[in-house]
Structures are given as C-alpha cells and as structure tokens.
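**Student:** Protein chains in written order, with our numbering: chain L, 3 to 579; chain R, 66 to 1131.
Source of the hints: derived by calculation from the structure; they are not laboratory data.
Treat the hints with caution; some may be incorrect.
Derived lysine-lysine pairs resembling BS3-like cross-links, with alpha carbons at most 25 Å apart [said to hold, decoys possible]:
hint: 1; chain 1: L; residue 1: 518; chain 2: R; residue 2: 1012
hint: 2; chain 1: L; residue 1: 354; chain 2: R; residue 2: 568
hint: 3; chain 1: R; residue 1: 755; chain 2: L; residue 2: 30
hint: 4; chain 1: L; residue 1: 348; chain 2: R; residue 2: 1012
hint: 5; chain 1: R; residue 1: 301; chain 2: R; residue 2: 1072
hint: 6; chain 1: R; residue 1: 299; chain 2: R; residue 2: 448
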Amino acid sequence: MKKILYILSVILAGTFQSCTKNFEETNKNPNQFNSPDAEAIFTGVAKATVDQMERNNYLFFWTYSNFFAIDGGTARYGSGDDTNWQQMYVNVLGNINQLKKRYKDNPQYANRIQIAEIWECYAYSYLVGIYGPIPYSQAMMTNTPIIEFDDENTIYASLLERLKKAADGLKLTGADTFTPDVVFNGDLLKWKKFANSLRLRIALRCLRNQPEAAEAAIRELMTDETLLMQGVADNAKLSYGTGEGNEAPYFIRLVKNTIADGDFPKLNDYLFTNFRSYKDPRLGAYFEPVPVADQYAMLDTLASTADDTLRIVSYKIPHLGSPKSPAILPAWGLIGQSPISGTVFKNFSKPKASILASNKPFSIMDYAEVCFMKAEAKYLNYGGAKTAEEYYKEAVTVNFTTWGIAASASDYLNTNGIKWDTQGKGFNYYTGLVNTDIPLDNLTKIWTQRWINYYPDGAFDAWCLQRRTLSLDLPPLTNAGNPNLNSTITDIPDRWEFPNVERTYNPTGYNNAIAKFGANDLPTVSLKFAKPVVRRDWNTARAFYDPKYIQKWYGPTIQSLAAAGIPYVLVNKFVRP
Amino acid sequence: MLMMACCMAFPAYAQNIIKGRVLDETGKGLPGASVSLKESTTRVATDGDGAFSISVPNTSSAVLIVAYIGYKPQTISVDGKQNLTINLLQDASSLNEVVVTALGISRESKSLGYARQKVDVGEMTEARDPNIINMLSGKVAGLQITTSGQPTGSTRVVLRGVNSLTGNNEPLWVVDGIPIDNSSGQRGNLDYGSGASVLNPDDIESMEVLKGPNAAALYGSMAANGAILVTTKKGKAGKNFGISVNSNFMASAITELPAYQNVYGEGNAGRYVQDLNNIDPALGVYIMGKTDRSWGAPLLGQPYASYAGVVRGYVPQPDNVKDLYHSTLTGTQNIALSKADETSSIRMSYTFTDGNDVLQKQNIVNKHNFALNASKNFKPYLKVETRLQYANEDVQNRTYRNMDSNSPMNAYIFMIRSVSPSDLSPWEDANGNSFAYTNRGGYENPYWSINENSNNDRKNRLIGGVTATLGITKDLKFRSQIASDMNFGTGYTFTEKGGAISKTGSYSEFTQNNQNWNTEGLLMYAKKISKFSVSANLGGNIRTGKNYRTEARSTALAVHDMISISNTSVTPLASEQLDRYIVNSVFGTATFGYNDYLFVDVTGRNDWSSTLPRSNWSFFYPSVSGSLVLSELFKVPKEILTFGKFRASIAKVGNATSPNNLNSAFNYGGNFLGNSWVAMDTKLKDPNLKPEETTSAELGIDLKFFNGRLTFDATAYRSSSVNQIFEAAVPVETGYTRAVVNAGEIQNRGLEFTVSGTAVSTKDFSWDVNANWSVNRNKVVSLSPGINRFQLGGWFQMSVNADVGKPIGSIRGNDQYRASTGEVIIKTDSGQPYYDQNVYLGNFLPDWLGSIGSTFKYKNFDLNFNIAIKKGGDIYSVGNHKANVAGNTVASLMGRDEYLFSNIILGESGNEMKGTTQLNNLPYPDAERLKGVKFEGFYPLLDASGKVVLDANGRMVPGQRADFNVQPQGYWQYMDFNMHDNIFDASYVKLNQVIFGYTLPNKWLSKTPFQNAKLSLVGRNLWTIYKNTPNGIDPESANSSGNAQGIEMGGSLPYATYGFDFKISF
C-alpha cells in the first residue's frame, strides 16, 4: 500500500513539476512596463517635480514668500507635510534613479544621463533648502535598515560639484538628447546654461555655510558669463496644457475645483504696501483689479484746490492687500479702527488671471534672476563684465518686459529706493509694526527686487532669499496654525519639520539628523545657509493703525478723485484746523 | 414500476388507516419522525405532537418502519391494530454524527482530531440578513464578525485572531468541496460586498466551521485561517410534490442618532455673524452655509437666509439628520423543488430578494438566486453529481463611506444645527448646479448626493461543478471533479457635474471578468480489518485564476444628468488589470483507526504556486492529528457520559502570495502634452519571496452527557505565523513608499468553549440553551529587522499599528503631553495642552467573545433568541470626533453658556479669561467664575530665568495648576491633539436574533396538499443591551473590512430589522 502511494506521488509530483513551465509568464503583469523609454520616465519626473512645486507654493510658499495671504489650513504657517517628502523622493528622485540605473551604461544615453543628473541636483537643492539635513548619499538604498541623513554643508558642496561635472559633460552635438524634452525641447546648450545658472543660484545660497566652494563656483561662472543664461530665450520652464492630465496644479486647485473664499490666494498686504510705497506698476501686472462692485470703500481725508476745507470721503480702491492673519494681539492695546475693518474676502486683489490659466508654464528659473545673481556676485567682487548696477537695471527691465510693462521700467528705476545709491521711504504696515523702507545699501535693493521677481513660481527661492538675507522687515503671523509651536504668534518658518513617517520608519536616521541641529525638529531651527534670526517679541512691539498706505489713491485732493471719475460719498467736511 | 403500482393501489385500500404516536424515552412526542410502510414508497412524517396516520393496503400484514435522527429505527408489525404507540430509543452510536470535512469527504466526527462547529442554517432563512456572513455573528465560538454597517457592504470574519499583518485573515469559504472567492469588495470608499455574500441560505444544507489550520490543512495556502464548509441542498425523497415556499419580509429602521445639540447654530466664536463675509450684500442677511460648524450664537430666530435666498429664522432643526432616514422593507421569496428516488435526485430553487437601506435611495438591491443540484447513480460503478449556484445581483447607489465628499452619510457628523431639510431642497439652481452647501469641510448637500449622484453594479456569479465518483473495487474509489467560480460584472459611478465640491463631475465604468477553475482527482481507499480501520486519500489539484478588469473614466462631464462615458468634456482614460495564478497541488491523507476509539490522521500537501519565485514556488506542509474516544475506551455508562473524546492536532500550512508581487515595474502615468509618461511602482517588490508559514497546535475535548442532553466542547490552541509576507511602509527616501517584506512573526493562542444542553424537556415544553465563549491572545513577536512598528492603517494623525511585543492593533495618535509623573502640561499662552505624537490610545482586539442562544418550544410555538457579547477592544470614533469639532453634539455645549456670558455679555478680554487683568497682569478679581472650558493640567515649571525646566527624561515638569478659560470651540477643535477623548471601549451585549414561530398543526393541514407550514415573527439587532460608545456610534462598526480595524468613520447609523417569515411545503 505504502509503496503504491509512494509511486503514485512520485508520478504526480513529476507531472506537476513539468506544469510549472508557464508560471513565470503567468506571474507577469501584462499591464506594466519593464523597460520603458528614457523619455517616458523623464517626462514623468519633470511633471512630478513641477506639480509638487506648484502644490507647495499654494499650500505653503506663497504665504512664506509674502506674495499672497491665504487663510486657513496648512497655509497658515504650517511647516510641511508628508506628501512633499514622498513626492520628491519617490516620484522624482526614485524615477531618476530608475532612469539612471537602466541607461547609465549605455553610451548613447550619456547626455541624457547628465540631464537626469542636473534634474536630480535641482530636486535636491529644493529639499535641502526646505529641511536642512536630508538623506542624500544613502538615499535610494533599499538594502539597509537605517538611512542616514547628510549634513547641509556636504550636500551643497556635492551639488556644486555634480552640477559642474554634468554641465561640462554635456556633448552639444549629436542626437543624444531627450526627444521629447518637455523642458528645453532637446536644446542641449540650454540645459548646459541651466545647469550653470542653477549652480550660481546654489552657490549664492550657500555663501554663508560653504564660502569657499561657493565663491569658487561664482568666480568661475562670472569669468565666462556665456556659461549662464543669456536672455529670456534661455529661461527654464515647464509648460502645461489645457486637456485633462495637462493642467497646471494652480488651475486645478483654484479654478477647476471648488475652493473656499478664504483659502483663495489674495494679494499679501506687505507686498501691497511695498508696491504702494514705490508706485510699482507691477501691482496691476501681477494682480487683477478687484471688480468695482466688490472694491473696498475706504475712508480718506482729502483737501480741495477750490477752498481751504478738508473732506472726509469714502471711495473705492481697485486693489487691496490682505493680512496673513487679521488677528490683533491684545498686548498691543490698539485703539481706533483698523484701516481695513469690515473688509471681506472679495475686497482683496487676486492673482492675474493669466497665472491661473491651465496652460501657464511654470518658471523653473529665468534670465532676470540670473541678472540679479550676477549683480550680487559683482557687488561682492566675484567678477563680471558689467557693473552691479547695470546687471540690476537689466534684471528689473527684463522683469518689467516679461510682465508687459516695459515702458514703465525706467520711471520705476528712477524712484528713490529703487534707484542705485538712493534710499526709499516706504509706508508703514497697517498696524505700524514694520515699514517698507529701502535703505541706501544697494545689496538690499538687489534682494528686494529679486524677491519681487520671484512672483509667483519662485516662492520657494524667495523664502530661501529671505532666510539668507533677512532683507525684508516682515510682520508676524498672529494666528499661526502650528500647534507644536509654543506660541500663536510666529515669524515665517525657518525650515520644515521632517515628515511624521520618518520617525516611525527610519527612526535612527531621523534621530541622528535631529542631533545635527542640536536636538529638536522644530520649524524655528535656523538652517546653516540662513542668517541667524534675532527674534522680536511681537507682544512688546509698538503698534498703531496707519491707513496712509491706501490713502490718497487718486491724489491728495477731491478734484483728483473727480478727474479720475471715481464716485465718492462725502462723510464730513470741515475747515482745516 | 413500483411507484406506479403504489399510486394505483392507493385508492383501493384507502380505508385502511393506521393512526399512532411516536414518542421519545421521556414520553414526549417526536415531531418529524418518519413512518414508512415496508417495501413501498408510502411514507409520512409525524406532526408536532408526534402523531401520524398512514394508509396501508392491509392492516394485518403491514410492517411499518419508524425512524428519527439520533434514535434507533424500529420495525413494527401492525398485526391489525388501528392505533399504535411507538417508543423510540436513543441511539448512542448515532451520536457519531457524520460530518463533511476538507475536500468534501464525509467522516464520522469521532475520528476527527481538530475543532469544528456546525452552524444552524435553518435560522438563517427566518431572521434574515441580506448578507449571509452577518448571520454567523454569535453562532460560533471564536468567530468574530465585523460588518460595514451597510446591507450591501463587506463583512470581515476572523477565526482565532489575526495571523497575517496585511494579508488575508479570513477563513476560506468552500462550497461543495471547492474553494470560492471571498475577497473583500472594497474599492476606495465604495464597498461592493464580500464574495461569499452571494450564497443564499435557502440553498444551504449545512455549514461547518473548521477553526484552525489543523482542520483545513488540506486546503493549503488559502486555509491558514480556517475554513467554512458549505454544503448545498440536494434532492430528497419525500411525500407529495417536494415543493417548498418561503416568504420573508423584513423592515428596518434606525434605532439611534447621535445626541445633537439644538441650542447654538451655524457660526464661529459664539457669534451669529462673525464677520462681513457671512452677510449676503443683496439681502443684508446672514446667509447659511458660510461656515461649516455650529459654533454660532444661540438660536433665537434671527434672520437667516437659505441658499436659495429665502429669509427665515435662525432656529433649531432637531430632525435635520433623522429626516434623511426612513423605514425600509426587504423581501425575500423562495421556491424550491426537491425530488429523489433510489438512483437519482434533483433540486431546483429560485430566490428573489429586493431590499434597500435606511438611508434614502441608498443600497437598493435586486438579487436573483438560482440553484440546481442533480445526481445520478449508475450503481455500482459510477455516480455523477452536478451543482450550480447562479446569482444575478443589481445594486443601485452603494453608499460611499469614510467621509467621502459624495456620501450623504456625512450628515450625521456635519449637519449644521440651524439648517433645515427644506433649506437643502431644492438642492440645485436653475442651471442644475448645486447651491453651495458649505464653503469648507469638503462635503456635498446630502440631498444633492442622494438625488444627483448615482452608482450601479450588476454581478453575475456562477459557482458550479461536476463530480464523478468511480467505484473501482469495494474499497477503492476514484473521484474526479471540475468546478468553477466565475464572476462577470459591470458597473458605473456617476458624480453629477455642478456639485459644491465636484464642480466638473465625473463618471467611471468598469467591466469585470473573474474566472477561477479547480480540477481535482482523488483516489479514496477505505478498509476495515477486524479492529483496525484505514482510510487513505491521494489526490491532485490544479487551480487557476484569471481576474480581469477594465475601466474607463471621465474626470469632467460635458452636460448634466447624462450617465454615459460619452458625456465627457475631456479625453476619457482607460485602464486594464489582469491578475493570474496557477496553483498545482498533490496531497494525501491517511486515517488509521483502532477499535473505534483511537484514530490517527496524517495529511500532507505540496503546492507549486506561480506567485512565488522559481526557487520557492514548491512547498510542502504536513499535519498530524489524533482522537481518542474515551467513552468507547472506558465503557462508561452511556446515561452519564454518552460520548467523550480527547483530540490533539498539529499542523503547518504554507501560504503563497498574491499575483505580480515579485518584480517592480513601471506603470502608465498618463499623457502629458502629447507624450506618454511612466512612473515606477511605488511598491518595492521582492523577487526572492518565501511562502508564509503558519504552524498551529491544538488540544481539545468533546463531551456529551446524559444521552446527549448536555454537550461540552473545549479547545486550546496556539499558532505562530512566520515569514509574513506583508507590505511595509518604508522610508520613502528609498524611492519607494512600501516594500513587500518577508519577515516577522505573529503568535496567537486561545481557548474556545461551547456548551449546549436541553434544560427542560417535557411532552409539550422544551428549553434548549447553547453558549459559546472564546478568548484569543495575540502577539507580534517580530517585524522586519530594525522595524518595531508597522502601520496597518489610520486616519489623520491617528494610526492602527502592529507593535513588536504587543498584540496587533494598537491605536495611536496625538494626545496631551504628560509629564513623567503623569500630569498634563498646559501651554501658558493658549491654555491648551502640549501634545505628543503616536501616544498609545488603545487596541482594537477584544478580550473575549461570547454568545448565548436559546430555544423554547411549547406545543406548536417556538421562541429562539441569540445574544452576542464582546468584551473589550477599543474603537476610535472619527464621527464623534468630527461632530464635536463641528459643534453639533450635546457634549460640545460644555462651557458655551459660560463663554457667551463672559465674552459677549461681559466682554471679558483674553487676559481676563486667563485669570489676569487686562493691564498690568494683576490677578483678575472674578477669576473663579467659569468663562468657557478649562483643560485640566499644570503650566510647565519655569526656572529663575523663565526657561522651561526639563527632567532627566527631557520631559517638562508640572508647575502651577493651569487656570485658563479656553473658548469652547477652541477646546473641541483641539481634539486633533487630544485624541484620547474619542477612543471608546467597544464592548457590547446585543440581542442580535429573535425568532418567534408557530408551526401549523398537522390536523389543520391534513385536508390540504400542504405538509408543513410555519409562520414566524423575526427580528435582528433589536436591542443593544450594553455598550459604551456614544449614541449613534455602533461599537461594531469599522471603516474597513481589512486588517486596520478599530476606526469608526461614517459606516451607518445602527438600525434594527424585524419582520415575518412564512414557510410552507407541499
């Protein structure tokens, strides 16, 4: 009996053994790609990168950069979320890693590998600027239980080196380029200029913590400026389209989907005050005027050319900036009425409609920024064929041209505070805490203009610039949403906290990284590239309501209102005391 | 021939009628005993009193055979008597029930060395639930049921605890010897129901639950969590036509609503109008829906405009949630025909079910079940059996779960207290677009969701097979069978254009085609030589599966109200999915018996699974079990110990993985500016996977006392699952979000007890009781190296985890910061506690499960009830959390009046709420009076320089007691960081089944063609006797039928079902 069983089982076993021949085929997923084209991977990477950057802008950086005021949610000075870490490491860097893995040994793909390398540096320059220490040299390792974070300094040094190598490694002739190439349409020279311009951006950012490597890179690039972008034709951008799957995230969130009035980005009152202070035509170029019906009717006291009376009138103004939070600290003991009391969401200016178009390209880097950077480099005596002022003026002019207001550029450049070697008197912020004065110092001028040039896509770089220079005298957020801060009042975050998942899934790496800061993971830890913050106690700040920044919109007299055809309501009339 | 002769003979001798009663040993009538005339097909059954009357051709020579299950049959010569009293004796050997075991092999239960339990199927056709799986609740020791709360959703069944982290933890369902697909139908926030819910209780003869892998070792990889064996009804010989009809109607109504407050209306910060953004400029009136919370002013009839611009009062709307619900009726109609003769049998059955949900227009089901069983025995060599279960199911408007923006269920959490149903209706403007319901919060007007959005799916499920058994010799048989489980379906989901959340609308449709085939050959040998018996089986099996699904979807619609893929303003997207597997197996079993009291059972199985890599795709697993029949061995008096068995078993079961789990590849990402793009799998797969292994051992004892009036079964088990194949979240800097991991160990150990007995048994009255009790202890022994916690699921900042060294299922989240000494530390500037992340809040695993069932019979009446008990286990109520945050609950009233008085009437400042004067920081004279809500705790201790003092553990140290009045809204909105407030003990005691039946007396039916008729009043989930969760929150609810249990998030409000059932056969 047992023998029979044994024989039978051997026969059966043999039969089934031979039946395993289709197993591998059966276990293959017919709906997946095992070796896709490098282009298909790169297109996905480029889209994923920029999609995430737009998302971070509307959720975080538009608030950090003081371009917009956005109520509610994470925009209220939240300090990061898990999504960014995941999107960047998985969808961007993970896929670049796969692309490199598959094509790095193929000589026909040498240029494309360099482009992937440039893009990888771009992605890391973004992450290191957000968090500080990040997984870098050990990232993409799947066989180790602990992934260590690299220190900021190491990463910046490595990025400068890799970008140089990649730019130099590009062979500008031949067919070895991405086709399609959603960024530069296959133009290898533009890739090279982008790599170098990016290197300049990174070098300037890490001047404080990596002075030698940074200075060397800047000097090298300023010696041969043809290495850098030479005109707006060299601008790096990613286009979006109109169809499903092609639309810009700004459009999807703000136009296509429903969004609460309060969550919609509105002109930030600090930027607004700066624009008002220097009669900046970009107010109308960057922002839509408020529809007349929704315009804020403000109280103003105007003189008259006809007699010696003063009139309190109420009239509507076409633009208005919204505070990041209208909350007033009780300790300020403010008396009187806020100049913007009674405003509603729709009184505030919204971004130019073109910014929210589904096919608006995302600006990765533009020529104006390169000019601003060259101005700074020259100012710091790191070389350059032209004077710092020339670079500066060119930068502002290019910015104006880009926004279709080239004709106003020279007037603007002659305004005190904008003009080289002048200082500008700005308006007070509406609670009087800060003002938008521009000092005599020309470097601050470069930075201030560079900040405005970053609108709207360069919000992250604007945040980096502010952390590095502290050149803007920013008001606090008085109703911060971050419960981990022992305060309801906060300045802009100095960094993002590491995502929650790191604590759970890479605890050792995480703790070692925290140790690099000195034992905490708060958004108030200054990064190494940043200028150390001297915190103000906003509770003891001197505050007063000052409506001047919105008054005398059409001129100082009642006649100027009439001349502009602006209807008004006369509230009171009295003889000048 | 014989039958014809009989029929013809019948009228001629009709006058010879013999009457009588069949009684048991106690003199009580035995209903349903069979009385047949020897050498004829004449047969009758006794009525409720045991009485019968039978016509015989000749009263002097007639011989009657009287039989009743569990009793020794008697042969009686009538000898001309007209009235007989027959006393049947209990047959001890018949207590050796024959049960269906793995592979559909029938065996005597005494020879089994493992735990099994039978489920009463009859009750399931009376107190019906639309989902057969739900009716297992409280019926089996150690079996835990978690329902979706919705009549069409998935139900999770777990036997003996959780063995796998992310894999399947549910038992295998086997119908007539062939495994069927019971995968959960959860797809996103829609739940298409569990695979086994297609089974129709009317067509089921018996259900056996094999509890551990020991019992199910022969099914191999799929049965590591036990098995539920379903045997369908076959044709039976009987009098008359063999037709039975069952008509059942069940009404449902919600039993509980959350406790809503009706004092404060829409708004923020205690204000009716917080700022000008809430005022409609045209009307000059507060327009509703500008905020999404009920933190406004007292509802005193202030002017308040509806979305449509109608001005009315700001007044409480106590029934605005209840009005979304209604009572429903579910009807089930069954007709079955059953016939058999000596060589063939046939049974046909048709059932129609139509039902819906307590929530308006949701979960509307239309289901047709057909069943056909036929067999023919070509004696003595060949027997052929065929069976077919076909179900056609159409479900309209499955309810979205988990606070999906399209779910009307959201109303129970978010419905603002000042909005009336008439304000929400009409829900659309002249252009067919939704009025903005709220500007935030992310959900639609429930009436919009109910009336404008829809989904539908139609399923055709076919479970069938053919079995041929060939008798080779007297002792050797060969059985071969081929069976399939197929599911073809189509469906769509439609989200109307113009919603408040979904402006563009969307549409998607799918086609599904799943085919699973099983081909099996089995050689069966049985032989008894004097005191020794041996039975052996050797078989092979090929199982193949192809699950195919295509989907087309549009993310923006062109026009309103057109449910079609053509209605699109963008290029529709298409996707396709195909999963395939082949499992080849060879298996064998051998049972050796000695003298009917000692049995040893050995099984072995080798699988070759296509889902594993070449090096590991062949794996073997054995089991050994034994049973010792003590009552046979020791010859104890049967009146005391009727039957006693000791059993022991040890088994190993291997488990392969799901298809396509070995190699990561790229997925199609989409088309960007005319260029296709791809993205790598975010899951890192493992090309070297090994099969999971569960090793399990159990000991048990089965006892029957007093001629079977009391039975007691007990089992102790322990199991360990190693080489867990699970998807672990990995640090995403690896380039992947998850990885398939092949590591870790989970242990379970537990006890199961079943007691049943007949407490009273007299002629007219009997009382049966049965009870189950089980306890399971789970431990996560290890995960992958370096990882101590694995997140199974979660919500927001709350997670359900497997923590090494603890039972699986720890619920963790943000909670208030506690000093090393336990005090809560409060922030000095806001009065709110500091918080920690990932604080342990509870565990979803229950301490123990129990149930008590009882049946009373009095004459023709019977009353049956079942009570299910769960002790322990925690649940996080997201519904309660969110409803508190929204200010809709009675709980959220805490401190509001005080705040109103302080803030609005007295105008006290922030400093004054904090206990200091507005200026100069002096103590506020009226600090004692409550001005809102206070978090209990202490401010951190500060040193001389004003810095926070930390102890050796780096924790803050309590200083002065906090005395800080917080605005109530701020208090409740701080729930996200104070999560212990919403974790509840999920213990309950529920009356989950009641059947009150009346069997019509035979004498009423004797002049009709009807044989049996029974009318019952039935109910399900009638009464929650005990629970600790807030009103409206069912302690059994779960947001998933997956492994991350312990979260309540918009399943359904609890409802009770009651109705009547009518059965008749003729």
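**Student:** Does each hint fit the structure? Answer for all of them.
**Tutor:** Comparing the hints with the structure gives:
For the suggested pair residue 518 of chain L and residue 1012 of chain R, the alpha carbons sit about 23 Å apart, so the restraint of at most 25 Å is met. This hinted pair checks out: residue 354 of chain L and residue 568 of chain R have alpha carbons roughly 22 Å apart, not beyond 25 Å. Only pairs whose Cα atoms come within 25 Å are accepted, and residue 755 of chain R paired with residue 30 of chain L is accepted, the gap being roughly 18 Å. Annotation: proposed proximity of residue 348 of chain L to residue 1012 of chain R is violated, straight-line Cα distance about 44 Å (limit 25 Å).
Among the hinted pairs, residue 301 of chain R with residue 1072 of chain R is consistent with the structure: their alpha-carbon atoms are about 23 Å apart, no more than 25 Å. Straight-line distance between C-alpha atoms of residue 299 of chain R and residue 448 of chain R comes to about 14 Å, which keeps the hinted pair within the 25 Å bound.
When the structure is compared with the earlier hints, a violation turns up for hint 4 alone.
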